[in-house]
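Enquirer: Chain by chain, the residues run as shown.
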Amino acid sequence: MKFVMAIIKPFKLDEVRDALTAIGVQGLTVTEVKGYGRQKGHTEIYRGTEYAVSFLPKIKIEIAVNTDQVEKVVAAISSAAKTGQIGDGKIFVYGIDQAVRIRTGETDTEAL
Amino acid sequence: MKFVMAIIKPFKLDEVRDALTAIGVQGLTVTEVKGYGRQKGHTEIYRGTEYAVSFLPKIKIEIAVNTDQVEKVVAAISSAAKTGQIGDGKIFVYGIDQAVRIRTGETDTEAL
Amino acid sequence: MKFVMAIIKPFKLDEVRDALTAIGVQGLTVTEVKGYGRQKGHTEIYRGTEYAVSFLPKIKIEIAVNTDQVEKVVAAISSAAKTGQIGDGKIFVYGIDQAVRIRTGETDTEAL
Amino acid sequence: MKFVPTLDRGVDAAKASALALGLSLFTALPAFAQDAAATAAAAPKVDKGDTTWMLVSTILVIMMTIPGLALFYGGLVRSKNVLSVLVQVFAGFSLISILWVVYGYSLAFTGAGTAADATALTPFIGTLDKMFLAGVTTDSVAETFTKGVYIPELTFVIFQLTFAAITPALIIGAIAERIKFAAVMVFLVVWFTFSYLPMAHMVWWWGGPSAADAPSGLLFGWGALDFAGGTVVHINAGVAGLVACIVLGKRIGFNKDNMAPHSLVLTMIGACLLWVGWFGFNAGSNLEANGLTAQAILNTIVATAAAALAWMFVEWLTRGHASMLGAASGAVAGLVAITPAAGLAGAGGAIVLGAVAGVVCLWAVVSIKPMLGYDDSLDVFGVHGVGGVVGALGTAIVAAPSLGGFGVGEYTIAGQLVIQAKAVLVCIVTTGVVSFVSLYVIKMIFGLRVTEQAEREGLDIATHGERAYN
Amino acid sequence: MKFVPTLDRGVDAAKASALALGLSLFTALPAFAQDAAATAAAAPKVDKGDTTWMLVSTILVIMMTIPGLALFYGGLVRSKNVLSVLVQVFAGFSLISILWVVYGYSLAFTGAGTAADATALTPFIGTLDKMFLAGVTTDSVAETFTKGVYIPELTFVIFQLTFAAITPALIIGAIAERIKFAAVMVFLVVWFTFSYLPMAHMVWWWGGPSAADAPSGLLFGWGALDFAGGTVVHINAGVAGLVACIVLGKRIGFNKDNMAPHSLVLTMIGACLLWVGWFGFNAGSNLEANGLTAQAILNTIVATAAAALAWMFVEWLTRGHASMLGAASGAVAGLVAITPAAGLAGAGGAIVLGAVAGVVCLWAVVSIKPMLGYDDSLDVFGVHGVGGVVGALGTAIVAAPSLGGFGVGEYTIAGQLVIQAKAVLVCIVTTGVVSFVSLYVIKMIFGLRVTEQAEREGLDIATHGERAYN
Amino acid sequence: MKFVPTLDRGVDAAKASALALGLSLFTALPAFAQDAAATAAAAPKVDKGDTTWMLVSTILVIMMTIPGLALFYGGLVRSKNVLSVLVQVFAGFSLISILWVVYGYSLAFTGAGTAADATALTPFIGTLDKMFLAGVTTDSVAETFTKGVYIPELTFVIFQLTFAAITPALIIGAIAERIKFAAVMVFLVVWFTFSYLPMAHMVWWWGGPSAADAPSGLLFGWGALDFAGGTVVHINAGVAGLVACIVLGKRIGFNKDNMAPHSLVLTMIGACLLWVGWFGFNAGSNLEANGLTAQAILNTIVATAAAALAWMFVEWLTRGHASMLGAASGAVAGLVAITPAAGLAGAGGAIVLGAVAGVVCLWAVVSIKPMLGYDDSLDVFGVHGVGGVVGALGTAIVAAPSLGGFGVGEYTIAGQLVIQAKAVLVCIVTTGVVSFVSLYVIKMIFGLRVTEQAEREGLDIATHGERAYN
Ligand SMILES: Nc1ncnc2c1ncn2[C@@H]1O[C@H](COP(=O)(O)OP(=O)(O)O)[C@@H](O)[C@H]1O
Ligand SMILES: Nc1ncnc2c1ncn2[C@@H]1O[C@H](COP(=O)(O)OP(=O)(O)O)[C@@H](O)[C@H]1O
Ligand SMILES: Nc1ncnc2c1ncn2[C@@H]1O[C@H](COP(=O)(O)OP(=O)(O)O)[C@@H](O)[C@H]1O
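Chains as they are written, first to last, in the working numbering: chain A, 1 to 112; chain B, 1 to 112; chain C, 1 to 112; chain D, 1 to 470; chain E, 1 to 470; chain F, 1 to 470.
Worth flagging that the hints you see were computed from the coordinates, not collected in a lab.
Check each hint, because a few of them may be wrong.
Said to hold, decoys possible - Facing chain D, a subset of chain E residues (Cβ under 8 Å, in silico):
hint, residue
1, Gly49
2, Leu264
3, Ile269
4, Leu325
5, Gly415
Stated by the list, open to error - Some residues of chain F that are not near chain E, with every Cβ distance over 10 Å (derived):
hint, residue
6, Ala116
7, Asp139
8, Ala306
9, Pro370
All C-beta atoms, glycine included, are put in the ideal place defined by N, C-alpha and C.
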């Protein structure tokens, strides 16, 4: 089993979710995060004070999948989240040892 | 060392934390997340517009533990977080290479 | 490639980011989290009711880096985030199999 | 000391004439003419300054309810329930406003004009003569507390409407975060009809200074003092809240989950608007704009200030913190306590009464409630009920002319205290019984509580299909 | 039934004297003296109670706009755009306030004093005689609807200022979340000048009860009833909103992204303050403080309450939920509908009119809008446009004396309905054409919409350089 | 031009009689009788329209403070400190309200009735004769600026109470996010006693139009113009804020951490309520309801509007953005500047004065503050101090009858400018010295700042034990 973690632009979330359900992903977890990267932030001015805001709102998606599905999932996210403009985000993949479904106690593949 | 990541129902947080401290876990980190899965969301209507909200509020708990404690920790979470109803959540386990306590510079087991 | 995840005090974020850019880190992702640990929380009282708030606001930083940079990155975070007082936080390191830059499709080292 | 304006007797006169008309047609015209002549002779003097003051007071009490009370309560619940509280207050206000026009005003503020016409019910409740405001025209007038000074009756109708509309809404705080929307609406209507209207009639209905010997409401007749509604509004609603929260049962997770207020900023805005609107409530109850009206405002400032400071001070002494919520809660306690005494106390008495109310309500909320273990979500009983009793009894003291108060006649504190205590008792029994019985009936017919899942998910989504913050 | 005060004719008299002065210097002084004598003889009676009521009403309408309307709208947009809406309302209010003093008051409320002086334009628009309030002093007076009852003209100037300032601001809701800041400001100014001012003049300008035969505005002359601005304010702004949102086009992501209101709590505060402020709007339009003013407040309470309950009830019937946003939307619909009838309907008529408006506007917003597919961000047309038409036509019915209304003369519902319909039509055509043409011109010169990236990022950052919440 | 009502001389007369009584018992009765006769002859005329207007104005100024000012400030701090600001304003308001009754009113608004009775202190501070409002009954009256027009003295007491209560609260913005709660409370009390009360006495105390030659406050005697409190309120508080923030030192992380306002929406609500409440502040200062009151409202609209637009415009020119915070800040600057001129300027003068204030305050806040490097958290000095000076000096210009103003007598702009400048100077010195000395003493006794850890954690948790948002 693998964990696929993607950082994407917030307004792409619905499209990515649709792309994932289309290829059979049944569950995922989403977190609001802030990203720092090549994409430039903006400046905010409050009366006399300027703040350079370098962190931009992003969405983190985490999906546990069977190893044989990783490629499909990464491809689905990549194409759904892409705008071609700087700041589109990243996908990271890493291994998981174990998965448990709390409700039933099922583990690993059955738990996803 | 392992990382145990659990996605649970928000109102179960206090019970899970108590279960974990009971078995000697001394630290953990919690994030508010939104989950998508078998549990169905709800529909919100604002005047003429309906939005199907498929993401539900969940809590993510992350705990770094010694490998020999993983089983106990997973069991504690499982039983404390369980309501038996759909949407109870998942537990994922994966390995960590290294841990550091920033304050002291202690590493690995001492850092937890 | 490795993932370095650090839990730090919120007001240290800017210093840590500066320390990281200074050593060439070009991207990172930040999440607002709550931490439970040795650092004691506080008590809030609302009229007759007291709540012991044991979760404290923390910031989680996640950085994907080349394996050979891990040490430098950990050192930079450690020194920038340290106040010497309880609750300074932790750093965890674990491996990633794959990284993709969504915009270009570049993978692994080029994707960071 | 008398507290309710004589309402235009023209309607009754007309009715009498109409009866006469039925008996002997040829006497009818002269009768009307005489009537007109009498009216012309004692043409009621309406000062537009008074009229404006009553219009302003009406508007202030509305602002005190929506958004004032709604926000005060809304900030205190968890974010998943804030809309449910707002909508309950808003819909409750709307519903009662309409019922006020339909039958409320009539039941509260009509009655026999002479002892001869009075029935056994006259001291307890009015008639249906003015249903749908029958006979109330833009020219009808109502007498103030000053003989010969009148205001348009419609200003009295709308001013009293706002009292009727806010009082049931107060109860909502006790049962927040768990009651069914339909159940709360039905309860408010029943309680308004069987507890609020009789209490308003008993305390406030009389013939006005020009007909001071005519029949009046029961407690008014006893000489009970309630300048702006300590019994009618606060004890009435506070005790209803206590009964309701006990019948309803505790919230899931009570004393276990963190139920901290989701936005004390909203609560603070609400508390301030309550304070601001309360000037209309208390000083509007004078029915005219004069030096005593200013006194009522002054009292409503300093009593509230003293209560807020007292609450904060005791909090700081006993727990090491003076909190914002303490300041707001103290302020509301002070406002409640000064209500019956607003135009009866001097500034010094107001300060003392406020400070006492602040401390007593703090103790009720912080010590008594946990001891007894009921779940009055937003402390309606601890603040309105207890504060109302402190105010009702305290009024007997601070109204004493010897203490700078405005009590009149052969005033004795002890004598007045007994009357006040009796009035409090009548109120507690009335509202207690009405609340208990009506809630049990509603429970049997509709059920009172939302499902456990709805309560966990929050009433905003479960009942109203929307979320407060996105 | 007549609706606008005669304004102080002293200015014209002075002008006449000045002319006389030019011709024969020795007659000038006596002329002035005579003038003064005449004035002394018929010294206009100003009651300070009326003055105070007009001051209060003015302040209430301002509170209704800022923060009322601003919050109502601000809560309904996404959090990335809330400041843009607030600043548009705030700056729009400021801009129009100043223009009102510069030329607005003059163009709306001056005109020929006698038929002989009238020109072809007199029924449509005023003159520039009172630019910069020339000739309006602290002693100038304006007649109310009661013959011989005057208020200081400056109170009329400021009261009407608030109407002029809120009306353009209403349009902002239709075009929120995508329009350029400069474009909206220019549009408001143009629309105010070419649609609001003529409509105000046509509906409200007349010579006052003491000069009822003098020339008046076109629709006023027809006998159109609009107590507080149903056509001038609501239909006018509502239709402009419809045209504007069509010309502007839909928001990116419309019907795809979740555009749920970011804070219904703010919307609720706004709705409540709209209601509270609307009492000044509707009852202030009576220009004095008497029983009819109280009636207007009563109507504004019960019509609104009925509309809110009706909306919630139908929502509950058709979708299983009675929502907070429904309650708030219904309330605004009721307020809009009762506006033209506020001082013309009885309480019963007001309740019915409100309930009808609640249901019709719900249907417009929930069924018509999706059917036609335009993106009126905050339903300005569905609530103000449609509600305004319901109110304008409904006024003909509820004003009927036979139905408890205050219509006068030989009142027939059918006859009045025709007049009202004609007035509605004139309004729709005026505002429709003005909006369409001016927006196209602005589009060509400045462009109307922000860039796609700015729209995605949110106007707060992109246009105003700041974020609402940190 | 005179600015403070003559207060009921009955008290002094009674005292004189009492003395006479002591000397010769048999002359006492006739003396009283004569007194009564004189009173009856010149029975002071109280118009209930005026009374109502003063009641309304009082309520408006309270709403301007709580919640207005509290929210304006609360929105500008970080979310961890919002409650601390709210509670400081709320508790400060409460504390000063009570002190006003205890000794404030007496020290500000009493003094020698005749030159013979005057002492060296008379021009600087009042007496303790009316402590606890001794002698002020519901029948006491105070003269307005119009000879023979009176209002109930209690309306004057409560109206002035609100001025006394808001002024110290203004200072809180300068020292927010770091001061100890106890320290700020003590400071407010000391500053109120030694800076506010003398300034109010010096600027506003006089014998009224019926006793215009009697002694008066120092600056009033000079002929300084301050219609509604430009010096007494704004310069006074603004300079105190500057001194306080310097003595206190900068916030931890100043110019390094992101200290962006946590909710500009709250700030916007606050700014709007400040504007709305300010109508009571400025137009209430006329003490009666007439054409000039309407003029004061008009000025308070257009000056504020002009200032908001001016600030936005310059922001847009220099930085490419017109911000919501800019609009709100500009509006407050305009309100401050028009305060001393509210009933003295024409509308044109008001617009210009507002626009100038908007630009000057922008420059003070954006350029001067960073240059000098002090940490005035919420720009109390930049807006109230600087705006106050602009207003005080500008009043000399816009009050000129030649420019449409209402200045009277042999008015010369230059002459008046000198007087205004002297008044400003007296104010700056008084408040500067009092603030500096009292803060140093408090620092030595209690300490001024919270601990570093408390400052980092936020004052809400650390000092008040609660959090704003959960
Ligand atoms: N090394 C990294 N580790 C973790 N997250 C990263 C890293 N680099 C970038 N990110 C995340 O990806 C987002 C997009 O990266 P950015 O460099 O702005 O654009 P792009 O992905 O198009 O090159 C960032 O906002 C940040 O959240
Ligand atoms: N494959 C997955 N990867 C990551 N998170 C998941 C995955 N599947 C489910 N989750 C998380 O677990 C939560 C519960 O899952 P759900 O399918 O609704 O119920 P259950 O766990 O009872 O089967 C989801 O809301 C989501 O946050
Ligand atoms: N075992 C753990 N797993 C995950 N997070 C942890 C763990 N222990 C501590 N943390 C995180 O680190 C933070 C700091 O830990 P704490 O014990 O308070 O102080 P210190 O790091 O100085 O010993 C906690 O608030 C929590 O977020």
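Enquirer: Taking the hints in turn, state whether each one holds.
Expert: To see whether the hints hold, each was checked on the structure:
Restraint check, Gly49/E versus chain D: the minimum CB separation of about 3 Å is within 8 Å; hint holds. Interface restraint check for Leu264/E: the shortest CB-CB distance to chain D comes to about 5 Å, inside 8 Å, so the restraint holds. Because the smallest distance between the Cβ of Ile269/E and any Cβ of chain D comes to about 5 Å, under 8 Å, the interface hint for this residue holds. Interface hint status for Leu325/E: upheld, as the beta-carbon distance to the closest one in chain D is roughly 6 Å, under 8 Å.
The interface hint given for Gly415/E is broken, as the beta carbon of that residue sits about 24 Å from the closest beta carbon of chain D, more than 8 Å. Non-interface call for Ala116/F relative to chain E: holds, since the shortest CB-CB distance, roughly 37 Å, exceeds 10 Å. Here Asp139/F stays apart from chain E, with its beta-carbon at least about 20 Å from theirs, past the 10 Å limit. With a least CB separation of 6 Å from chain E, Ala306/F falls inside the 10 Å interface cut-off, contrary to its annotation.
The Cβ of Pro370/F lies farther than 10 Å from every Cβ of chain E, with a closest approach of about 17 Å, so its non-interface assignment holds.
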